Amino acid sequence: MEYEVKLEKVGRKKSLSQRIKENKTWQKASTIVLPLIFGIVLVGLWQTEVLHSWFHTDTFTLPLINKIGGIMGDISDKILENTIATVEVAFFGLVIGSVLGYLIAMLAALYPKIGSGGLSVIGAFASIPVVAMAPVLNNWTKDVSTDANLRSMVSKIIVVTLICAADMGLNAYRGLTELKPFSEDLMAIYGAPKKITLWKLRIPNSIPYVFTALKVSVPASIMTAIVSEYFAEYITGVGRAIRENIVLAQYSTAWAYIATACLIGVVAYVVLMVLQSILLRRYH
Amino acid sequence: MKEKFEVLTNKKWFSSLLWILLLIIAWEVGAFVVANTKRIPENVLPHLYQIIIAGFSTDKVTGDMTATQAVLSSAAQTLLRGFLGFVLGAAIGFVFALVMKMSGVLEKVLFPYLMLIQLIPVLGLAPIVLAITGDINVSRVIIAAILSFYPVATNTLAGFKSVEKEKYDLMFICAAKPHVIYTKVLIPAALPYFFTGLKIAAPMAVTASILVDTLQGDGGLGCLLSQSLKHAMSIYVFWLIVFFSAFVGILVGKVIGWIEYGVSPWKRRA
Chain A
1 MEYEVKLEKV GRKKSLSQRI KENKTWQKAS TIVLPLIFGI VLVGLWQTEV LHSWFHTDTF
61 TLPLINKIGG IMGDISDKIL ENTIATVEVA FFGLVIGSVL GYLIAMLAAL YPKIGSGGLS
121 VIGAFASIPV VAMAPVLNNW TKDVSTDANL RSMVSKIIVV TLICAADMGL NAYRGLTELK
181 PFSEDLMAIY GAPKKITLWK LRIPNSIPYV FTALKVSVPA SIMTAIVSEY FAEYITGVGR
241 AIRENIVLAQ YSTAWAYIAT ACLIGVVAYV VLMVLQSILL RRYH
Chain B
1 MKEKFEVLTN KKWFSSLLWI LLLIIAWEVG AFVVANTKRI PENVLPHLYQ IIIAGFSTDK
61 VTGDMTATQA VLSSAAQTLL RGFLGFVLGA AIGFVFALVM KMSGVLEKVL FPYLMLIQLI
121 PVLGLAPIVL AITGDINVSR VIIAAILSFY PVATNTLAGF KSVEKEKYDL MFICAAKPHV
181 IYTKVLIPAA LPYFFTGLKI AAPMAVTASI LVDTLQGDGG LGCLLSQSLK HAMSIYVFWL
241 IVFFSAFVGI LVGKVIGWIE YGVSPWKRRA
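Chains as they are written, first to last, in our numbering: chain A, 1 to 284; chain B, 1 to 270.
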């Protein structure tokens with residue numbers, strides 16, 4: 001390039017802090033190093049009980065991290081059992097709800113006259129507090145099975161389903177209708193029937209929106225599963241275990257379950273991210 | 001006649017109305033089936049009119065209050081604290097996003113934790129917060145604040161980041177001072193995102209404050225809910241609470257929409 005402007009270094013050198021700030025390697029490294037330092041400081045404060053004095057609490061209600069870890073190891077088989085119960089509820093609810101939400105969005109996109117209202121009603125479902133829904137569904141599913149575990153499972157799954165369906169429906173509808181300019185016209189010029197437009201244009205366009213919805217609904221499904229466990233008939237699951245242990249004043253055990261709940265959330269999110277990077281490869 | 005009908009179906013509210021009617025019909029059909037097959041139908045699915053009658057009846061369900069009075073008075077207890085937490089959390093979330101936008105280092109430090117806190121089921125923490133604070137009102141505020149904090153913070157930050165480079169360039173050409181860039185460009189650009197965050201946060205804050213009630217028998221909607229479920233008082237109180245909290249959840253979302261409409265003039269122009 002002949003027009004390239006060459007900048008001569010004029011005047012005094014940049015200060016050390018300025019040079020560090022502009023260093024590429026430092027910029028990359030700092031995104032990992034800085035949060036790590038913060039995390040280590042936090043763990044340090046927790047372990048040395050500084051955090052306890054800030055919150056005016058003691059090691060009984062807020063046990064030290066190594067103790068929580070030890071308990072998690074001690075009762076790992078019980079934790080695993082409760083984790084499976086919670087994950088099952090969250091997973092089935094998420095899958096059924098997302099499929100249902102997507103189908104509703106598809107209907108709304110194809111028949112906007114009737115469908116759009118359906119979407120706003122679905123949206124209203126999303127703003128109904130879980131605490132109101134869980135006991136109602138508990139009552140409704142009394143006849144599903146004679147097995148208390150199964151029927152409370154069904155009621156929990158339905159609650160999660162409703163929450164996820166609302167989320168997916170609203171996002172997928174945007175994905176199915178907010179198309180690139182003129183692409184719909186192009187399909188019309190080709191004389192494509194509605195079905196082809198759906199398959200070749202709308203559905204591919206909606207995939208990124210599906211993942212936007214999932215990013216919200218995956219953590220939400222876990223949280224909903226945990227809350228509906230509080231109201232469920234059959235005592236099982238991570239959320240219920242947290243509560244039962246608090247009632248028994250076994251705070252360390254409760255903390256072990258809280259840590260488990262956080263782990264479930266993080267693992268689910270990582271799985272989602274991996275799935276997204278595989279499925280959305282061609283979008284990047 | 002047919003044309004008139006067509007005009008009607010083209011109205012925006014028509015399909016919403018249709019769906020609400022469908023829901024009501026489905027509910028009533030269900031109620032009829034339940035009424036004929038169940039021993040105590042009002043536990044499972046009462047008729048809607050029964051719930052409405054219960055709402056207006058003057059029979060006392062507790063010592064000195066009718067069902068509606070009982071629900072409203074405990075709702076005031078619960079929802080005011082939930083609302084306080086919501087406002088607090090939203091304010092902190094906004095400031096958080098602003099600070100993260102201003103300081104690159106802080107953003108790098110805190111952003112992964114902001115992502116992480118979304119994955120933590122905060123409602124699972126409710127009993128622990130109650131144990132730490134020891135006071136149900138404080139824990140209501142805290143839980144609602146935590147729950148409203150992160151959707152607002154992440155969404156507002158996304159809004160700050162959505163500002164195009166051209167706008168910065170324009171501001172640079174105008175020799176705008178940093179605080180002018182924030183007040184004229186960044187904050188208006190982030191407002192829609194901020195309101196999206198609020199809309200996500202609001203039902204969660206309502207849920208949270210009700211849930212915290214159920215942990216301790218000290219009044220409040222959640223407490224009333226569990227008492228009524230255990231048949232310590234009329235089961236219709238339970239149904240009233242269900243409808244009331246659903247109504248509050250939907251209403252709060254609407255109100256936030258109205259406020260958004262009010263403070264963003266560019267929305268009215270469209």
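Keep in mind the hints are simulated off the structure, nothing from the lab.
A portion of the hints provided could be inaccurate.
As the list claims (entries may be wrong) - In the DSS-like style, the derived pairs of lysine-lysine whose C-alpha atoms are separated by at most 27 angstroms in a straight line are:
{"id": "1", "chain 1": "B", "residue 1": "Lys254", "chain 2": "A", "residue 2": "Lys21"}
{"id": "2", "chain 1": "B", "residue 1": "Lys101", "chain 2": "A", "residue 2": "Lys142"}
{"id": "3", "chain 1": "A", "residue 1": "Lys21", "chain 2": "B", "residue 2": "Lys101"}
{"id": "4", "chain 1": "B", "residue 1": "Lys230", "chain 2": "B", "residue 2": "Lys199"}
What the hints assert, rightly or not - Ranges between beta-carbon positions, derived for each pair:
{"id": "5", "chain 1": "A", "residue 1": "Lys24", "chain 2": "B", "residue 2": "Lys161", "range": "19 to 27 angstroms"}
{"id": "6", "chain 1": "A", "residue 1": "Ile84", "chain 2": "B", "residue 2": "Phe247", "range": "31 to 39 angstroms"}
{"id": "7", "chain 1": "B", "residue 1": "Glu3", "chain 2": "A", "residue 2": "Phe182", "range": "28 to 36 angstroms"}
{"id": "8", "chain 1": "A", "residue 1": "Asp143", "chain 2": "B", "residue 2": "Val7", "range": "40 to 48 angstroms"}
{"id": "9", "chain 1": "A", "residue 1": "Val50", "chain 2": "B", "residue 2": "Gly104", "range": "55 to 63 angstroms"}
{"id": "10", "chain 1": "B", "residue 1": "Tyr113", "chain 2": "A", "residue 2": "Phe182", "range": "41 to 49 angstroms"}
{"id": "11", "chain 1": "B", "residue 1": "Leu80", "chain 2": "A", "residue 2": "Val95", "range": "49 to 57 angstroms"}
Note that this is a predicted model, so its numbers are computed, not measured.
Note that the Cβ used here is the ideal one computed from N, Cα and C, for glycine as well.
Hint numbers not upheld by this structure, sorted from lowest to highest: 1, 2, 4, 9, 11
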